[in-house]
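Just so you know, the protein sequences line up as chains A and B, in that order. Here the numbering used here is used: the first residue of the first sequence is -10, the next is one more, and so on. Here the numbering used here is used: the first residue of the second sequence is 12, the next is one more, and so on.
Simulated from the structure, these hints should not be mistaken for lab results. Note that the structure is predicted; figures quoted are calculated from it, not measured. The C-beta atom is built at its ideal place from N, Cα and C for all residues, glycine as well. There may be inaccurate statements among the hints.
Covered by chain B, per the in silico footprint, the following chain A stretches (three or more residues, Cβ under 8 Å) [to be verified]:
no., stretch
1, 31 to 43
2, 66 to 79
3, 88 to 94
Take a look at the letters that make up each chain.
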Amino acid sequence: MLTLRAIRKSFGPTTAVDGISLDIAAGEVFGLLGPNGAGKSTTIAITTGLLVPDSGTVDLLGLGSPSDPAVRMHLGLAPQEITLYGELTARENLMFFARLYRVSAPHARVDRLLELVELDGRAHDRVATFSGGMKRRLNLAAALVHDPKLVLLDEPTAGVDPQSRNRILDLVRALAAEGKTIVYTTHYMEEAAKLCDRVGIVDHGRMLDVGTVSELIARHGGHSTVTVSRGEAHDRVVTADPVSEVARQFGAGGVTGVRVEQPDLEAVFLALTGRSLRE
Amino acid sequence: MNARQRIAVVFRREFRSYFQTPLAAVFMVIFLFLAGFFAFNIGGFYERNQADLRPFFQFHPWLYVFLVPAVSMRLWAEERRTGTIELIMTLPFGTADLVVGKFLAAWAFTSIALALTCSMWITVSWLGNPDHGTIIVAYLASALLGGAFLAVGAFLSALTKNQVIAFVLCAVACFVLLLAGFPAVLDFLRGWAPSGVVEGIASTSALTHYESMMRGVIDLRDVLYFALVIVAFLVLNVFAIDWKKSD
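In isolation and in its complexed conformation, chain B is listed as follows (with noise of 0.2 Å):
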């Protein structure tokens, strides 16, 4: 059996097991009653006058700080919990299978949910004459986000064994990589702060690659970014399994 197809296998168990709890539906529910609330009432989607979905796109990474980390807690957390980590961990082959079937079911459960706004996108279709391009780019952009806050939640998630730890831990990491590219933290780096200091932390911002990428332009250093700290994470992620797998 390779790789492929032991990665395929854990992703169906995983990806199951979003759907066999109230957790999906609950996570659907208030992703798309929060994205609409936030787009229509604070982004001002129709005062704006403008066909396009900026107003929707900007609060995704807001959402996702706490969102995102609902999915990613139980993802190793939960196998320790109930001690299947032990049984998981005795299998014919390495962890790194387990840590990418795990990630990607949780990352395509968060894709759907993410699909399921295309309401919003058929609705401004409707009013005016969007530029789709920004549209799309502007959805993987959310997609490869919501993907970096998995990896990074799901690396914290194998640290502890207690699901509300995971969840803070990977909500202030999340905000953590939000704020480094945050307009106002930037603003008062500047105040005494070399330039290039503040250019690299901004550089390593989920926020400054996300806006870019909003904005409808694929840069590859955009791309590279959110791949970087979706692997990084995930070795990193193997790493804590091995290191813990007997606690």
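Bound-form chain A, shown alone (with noise of 0.2 Å):
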């Protein structure tokens, strides 16, 4: 579906993406993680054409590069920032680009898409108005409104309240269930382990390691921690088999308490860059 091979991009002395290569394949939920500046939205910008690469390709579909016109038909983009026409209303903003993408059907798409989001009922309403959950939402209708095959979609929850946020995360759940292929960039560790089949871990530009959640953590998160509490006493052990752990600890007897802490993105972010993905 998208393939990137060794892009590099720099603006002046600095090196925004440095040698990335990437296959997703179609159907895909692939999330790009790593800490602001890591190069996610560099990346993004190469996919859709917005940047050309100093060097590397990009394909998509097989159709080849995006600075072609009509491969860009096939990716939909909801930026960072949001992209939309506060004069207008939502269904305006939605119509706007229903119509230049020469939607068959654009008045039922765009309601379809209103319903979608949650935004029907202030279909009608200038998005200046609009909170800033309800504007991400409808910049991600934006991006679907010519039902692409791949949804680029950057930092979707940016700056968003819990339930705008949880919204999102269900409409991309609901995006992938369709067959869509998505790739999110994110900074939220947990976001990418809910939503995504694979995750790139991305710092200064470079792809550390690409794989599922788990096998990501098994080859980086290191190794569990079992807490056990006999009354006041806490004794901690770090162990490959916390289930064989927890089971000798209760043997032993007079446990009164087990806490297992497994590794999780966080520690694997840690492990592969020697910082936190939050710092």
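Hints in hand, dock the two standalone chains.
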């Protein structure tokens, strides 16, 4: 579906993307996980044809580079910034893009999308009056108006309230269930863990590793920590087999409490970069 | 979808947007007020005792220097500021359709403002027996001048996300385009520059071509001049958008 080969992009002395390669299969939800400034948005911009890489190639659907307008027909982008016309209503915004994409039956399509993002009740209100979360959802709808095969979501939950965030995550799941290929950039590891079939860890413009969440944790997450309480005493045991360890501790008797901490993507990121994702 | 349909979609959205903000009303009121003020108070519309609209049209270039940038400044700078340029640049067609659609919308808007001055024409027709052909050509010249300035402004608007900078750059550029044909400037040049150079500079001036048409004569060279300025700056606009699309 989407292939990036040895993509490099520099802005003056700063290398934003440093040799990223990727193969994303049709129907896959792929997460690009990394801190702010890691190169995620630049990678997305190259994938959409907004930026031309200094070297490397991008191929979408085997049709070629997204610098070709015909190739761009198959991708939908929800950029990190809200990209809507504030003076237009929600419906007018979507109709504008639907007409440009020459969507057949645009009114029905726009109505369906407004229902999908739960903004049908505000369809005729100006976007300038919307909350951040509502704008985000409409931004996402604008990316879907032409029913693209590949959907690029660049930090779609940045700066939204928990309710809108949950709606957006539900929407991404619904898109995945429809068989859309999704590239989802985020610096929230729990979102990547919940949504993505595979995750690529990006830092300083480089792809550090790619795999399923469990593969990445197995490779880089380290061992689980079992904390066993016996009255006021607490023992911490680091182990690769927490189930056996818990059984062994219960066998020894006197256990009043057990807590098992399994490694997560944060631990993976720490192991790969030497720093926390939120630093 | 062909280019004409895409341009029509962009045109409709852009044109409507003028009337969804106070810009349209403010622009039109100021334009109509100043055009009338200059024609009656400075141009001596009544004192001349001539049934023509020369006092009205002769100030249009100077009005446009300040009013056209107010329209053109937002064309691309606003898209850049709000980030919408990122989305429209990923649309499955080239930049030229967007550039032409936005330009035509802005031109239609300023042309409507110009058309609203037809009360001047009605007035002078009521007072005397003007040469309607001359007036029609003068309206055409004014519309072409507005279009040329808009094309310049659209190009400059594509270079920045700051509308104030876009306004100032456009005002200065339009002023220079006029000044090159201003009699005082040409007289100064004649003092030391060869006549060929002076004529060359004068021929690049929008003022020279505008005044030529304002007299009621459609000279193909004047029309071509405005067409060339419009096309040249629209092409530059396309290059500027493609060059800076990811900024």
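At a Cβ distance under 8 Å, does chain B reach at least three residues of the stretch 88 to 94 of chain A? Contact hint for the stretch 88 to 94 of chain A vs chain B: holds, 4 residues under 8 Å.
Counting residues of the stretch 31 to 43 of chain A with a beta carbon closer than 8 Å to any beta carbon of chain B, are there 3 or more? That given contact holds, which follows from 5 residues of the stretch 31 to 43 of chain A lying within Cβ reach (below 8 Å) of chain B.
Please check whether the stretch 66 to 79 of chain A has three or more residues whose CB lies within less than 8 Å of a CB on chain B. Since 10 is at least three, the answer is holds.
The structure shown violates none of the earlier numbered hints.
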